[in-house]
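K.L.:
The primary structure of each chain is shown beneath.
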Amino acid sequence: MGTLNDTYLKYPERSYGMDHNRYEWSMLSDRKPIEWPNEKKVALWINVGLQFFPLNQKGIPFKVPGGMTKPYPDLRHYSLRDYGNRVGIYRFLKAFDQYNITPTFAMNTRLTERVPYLLDKIKERGNEIMCHGFNMDTLHYGGQDMQEENDIIKRSLDQLRKLTGQEIKGWVSPAKNESENTPDLLKSNGIDYFCDWVNDDMPYSFHTKDGNLTAMPLPTELDDHFIILNNLHSAEDWADQVEDALDFMLKESSTQGGRVLGLSIHPWVLGQPHRIQYLERVLERFSKNDAIWSASPSEIIRCWKRQI
Amino acid sequence: MAKQYTIMKEDPGYYDYWPYENRPKITWPNGAKVAFWVAPNIEFYELNPPDNPFRKPWPQPSPALPGYTSRDWGNRVGHTRQMELLEKYGIRGSISLSTALCDHHPEIIELCKERDWEFFSHGIYNTRYTYGMTETQERAMIKDSIETIYKHTGQKCAGYLAPALSHSDNTIDLFAEVGTELFGNEAGFYSCDLFHDDQPTPINLRSGKRFASIPYSLEMNDTIAYLVQKITPRRYGQELKDNFDRLYKEGAESGTIMCIPTHNYQVSNAHRIKAYEEALEYITGHSDVWVTTGKEIAQYFLDNYYDLAQADIKQKNRNHGNAQ
Numbered sequence: 531m532g533t534l535n536d537t538y539l540k541y542p543e544r545s546y547g548m549d550h551n552r553y554e555w556s557m558l559s560d561r562k563p564i565e566w567p568n569e570k571k572v573a574l575w576i577n578v579g580l581q582f583f584p585l586n587q588k589g590i591p592f593k594v595p596g597g598m599t600k601p602y603p604d605l606r607h608y609s610l611r612d613y614g615n616r617v618g619i620y621r622f623l624k625a626f627d628q629y630n631i632t633p634t635f636a637m638n639t640r641l642t643e644r645v646p647y648l649l650d651k652i653k654e655r656g657n658e659i660m661c662h663g664f665n666m667d668t669l670h671y672g673g674q675d676m677q678e679e680n681d682i683i684k685r686s687l688d689q690l691r692k693l694t695g696q697e698i699k700g701w702v703s704p705a706k707n708e709s710e711n712t713p714d715l716l717k718s719n720g721i722d723y724f725c726d727w728v729n730d731d732m733p734y735s736f737h738t739k740d741g742n743l744t745a746m747p748l749p750t751e752l753d754d755h756f757i758i759l760n761n762l763h764s765a766e767d768w769a770d771q772v773e774d775a776l777d778f779m780l781k782e783s784s785t786q787g788g789r790v791l792g793l794s795i796h797p798w799v800l801g802q803p804h805r806i807q808y809l810e811r812v813l814e815r816f817s818k819n820d821a822i823w824s825a826s827p828s829e830i831i832r833c834w835k836r837q838i
Numbered sequence: 444m445a446k447q448y449t450i451m452k453e454d455p456g457y458y459d460y461w462p463y464e465n466r467p468k469i470t471w472p473n474g475a476k477v478a479f480w481v482a483p484n485i486e487f488y489e490l491n492p493p494d495n496p497f498r499k500p501w502p503q504p505s506p507a508l509p510g511y512t513s514r515d516w517g518n519r520v521g522h523t524r525q526m527e528l529l530e531k532y533g534i535r536g537s538i539s540l541s542t543a544l545c546d547h548h549p550e551i552i553e554l555c556k557e558r559d560w561e562f563f564s565h566g567i568y569n570t571r572y573t574y575g576m577t578e579t580q581e582r583a584m585i586k587d588s589i590e591t592i593y594k595h596t597g598q599k600c601a602g603y604l605a606p607a608l609s610h611s612d613n614t615i616d617l618f619a620e621v622g623t624e625l626f627g628n629e630a631g632f633y634s635c636d637l638f639h640d641d642q643p644t645p646i647n648l649r650s651g652k653r654f655a656s657i658p659y660s661l662e663m664n665d666t667i668a669y670l671v672q673k674i675t676p677r678r679y680g681q682e683l684k685d686n687f688d689r690l691y692k693e694g695a696e697s698g699t700i701m702c703i704p705t706h707n708y709q710v711s712n713a714h715r716i717k718a719y720e721e722a723l724e725y726i727t728g729h730s731d732v733w734v735t736t737g738k739e740i741a742q743y744f745l746d747n748y749y750d751l752a753q754a755d756i757k758q759k760n761r762n763h764g765n766a767q
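Protein chains in written order, with the numbering used here: chain A, 531 to 838; chain C, 444 to 767.
Hints may be right or wrong, so weigh each one.
[What the hints assert, rightly or not] Where chain A lies over chain C, by a calculated footprint (3+ residues, C-beta under 8 Å):
#1 500-510
#2 538-548
#3 564-577
#4 712-718
By construction, these hints were calculated from the structure, which means they are not laboratory data. C-beta atoms are modelled at their ideal positions from N, C-alpha and C, and glycine is treated no differently.
Only chain A is shown next, with the shape it has when bound in the complex (with noise of 0.2 Å):
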C-alpha cells in the first residue's frame, strides 16, 4: 500500500483544550453547580420543531433527514409530515394545557408564511418563539458560500420577526448542520443562543467574531424522530428512555446542581393517535414532579447567566 503522505502522521491542533477557537474545554462535573429558581432541580425545555418539508426537495448538500426519499412527488411524505401541522399540534396544545406545561415552538419561516392561522394560534399562547431556518430543505453547510448563507440567515430571521413580533433570540439549524461561518452570522444577526452542538448538558459560551453566543442543550439522542424513526423504537420506548432520564438527572443534580432536560418533539412523529397518549404519559410524570421546572430556553439562560 503506501498512499498516504506523511503530512498525515503530522498533528497540528494536537495540544491542550479543543482542536478548535469556538469554546473552552471543560468537564462538566468540575463546574460550579447551578441553581434554579424555587429550589427547582430540572430545568425542562419541551422545544416543539414545526416543520416545513417541501415537495420540491432540493437535496443541497444531503437530503434532510425526514425529508423526500421517493421519486418526485413524493406525497407520502410530503403529507405525511404536513400531519403534523394540521393534526398532531392540536393534539400537542392540549396536552400541554392540560399537564400545564410551557412549550417552546422552533419554527421555519416558511411554514409561519404559509400557514397563518397556526401562527395566529401559536402567537396567542405567548410561548417562546425560535428559529429553525427558512425551511427543512434549507441547509447550513460546508463550504456554502458566505453572502448566500448570509442572506438565508437574515431573510429567514427579519420575516419571521415580522409576522411572529417577538424578537427571536433562539436558533436551531434545520438537521442541526452547520457551515464553519454558521455561529457568526447568527451572532450579527441578533441570535443569542442556539443548539446546534450537541456536546453538553448545561449551557455554556459559544465565541463568534461578534462576541459569545450561549450554545444551548438539545440532545438528538432523546428526540422523537431520532429515536422512533432513525432507532426505530416504539413511543412506548421513547417514553421510557425520557423517564430514564429524567430519573438520572434528578439524581445527579443531587450533587451537582440544577441540570437542563432539553426535549425535542415533532407533531408528526408523536401527534399520531396511537403515539400522542405517551407524550401525555411523560408530560404529566412532568407536572406531577415539584423539582421540575418547565421553562422556555430563554428563561433558563437568564437565570444561568446570573451565576456564571
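Go by the hints and put chain C onto chain A.
P.N.:
Structure of chain C alone, referenced to chain A:
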C-alpha cells in the same frame, strides 16, 4: 475511495482453528469462572481530519456537527458519569485511548490515573486511519502512541485496538515489535482487534513473540448496540445480563471472558446509564467473577495457559489436518 494496492490474503493468518470443546481447562484466580473487564474507549475525534483515500471520517462536509459534537459530549459530560459508576462497582477501567487525548484533555487522564486505571493504545486520533499507511508510517504511529502513554502515565502499554478498527496486514505484528523495542516483554503482548473467541487465544506473529488475543466483544460494545443495532437502553442492559449468564455457566467448565467495551458518548447518556448500572450491579453481584483488566487477563493467560493452549492447538491440527 481508492483501491488497496496490496496482495490480499484469504485468512489473516494470526490464529489456527481451535474448537470450543475439550480445550485445556482454564481456571481464573480464586477459582473464578468469568474474567470480567470493562474497556471504556476514551477517544478524540477531530473536527477537520485530513482526508484518507479509503475511508471518509464524517458523512457531512466539515464541520460535521452531529458526529463531532456527540463525541465531545462524551469527554465533557459522559466520562465522569461512567467513571463514578465503575468506581461504585469496584471495576478498574481498561482504557482504549486515543493517545492525543493526553495532550487535549489531561484532566481526564489524571482522573483515571488517580483510580489506577489501565491504558492501552487506540492510536493517536480516532479520525486517523491505518488504511494506506506504509509499514514505516504505521510503525511510527504505533510507537508515538505507546510513547505518549508512557510519558503521561508511566504505564508500559500492553494492549492494542487499532484506531477506529482500521487495520493493515501488519498491524498486530508491528504493535508487538514496537512494544518489544521500547520495553521488551513488558509491553505489546495482547490485542483486542480479533473477535473469533470467548477465551484468550495465542496469536502467531512473525517475531514469534508470546502474544494473546483477549476477547473484547463487539457484540457487547455499546456503540454497536446503539448505533448499528439501534436497540433500546433497557434491551442493551438485558443483553449484557444474558451474555454474562451464559459465559458464567460455561465458565464452570473452562474459564471465559466477558468484556463490555463502552464509549462515554453512548453509555453515559442520561437515558442509558441506568440500564448499564443495573447490568454492572448484576454481574459484579456474582461470587465467581474475577473483576479485572485486559492486561491482567493477558498476563495471566501467557503465564499459565499459553503453552498448554499452543500444544493443544498443534495436537488437534495434527490429528484433524485443519487449515493452518
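K.L.:
Next, verify each hint and record whether it holds.
P.N.:
Do the hints match the structure? See the list:
1. 500-510: Holds: 8 residues of the segment 500-510 of chain C have a Cβ under 8 Å from chain A.
2. 538-548: The restraint on the segment 538-548 of chain C holds, since 4 of its residues have a Cβ under 8 Å from chain A and three suffice.
3. 564-577: holds (count 7)
4. 712-718: Result for this restraint: holds, n = 7.
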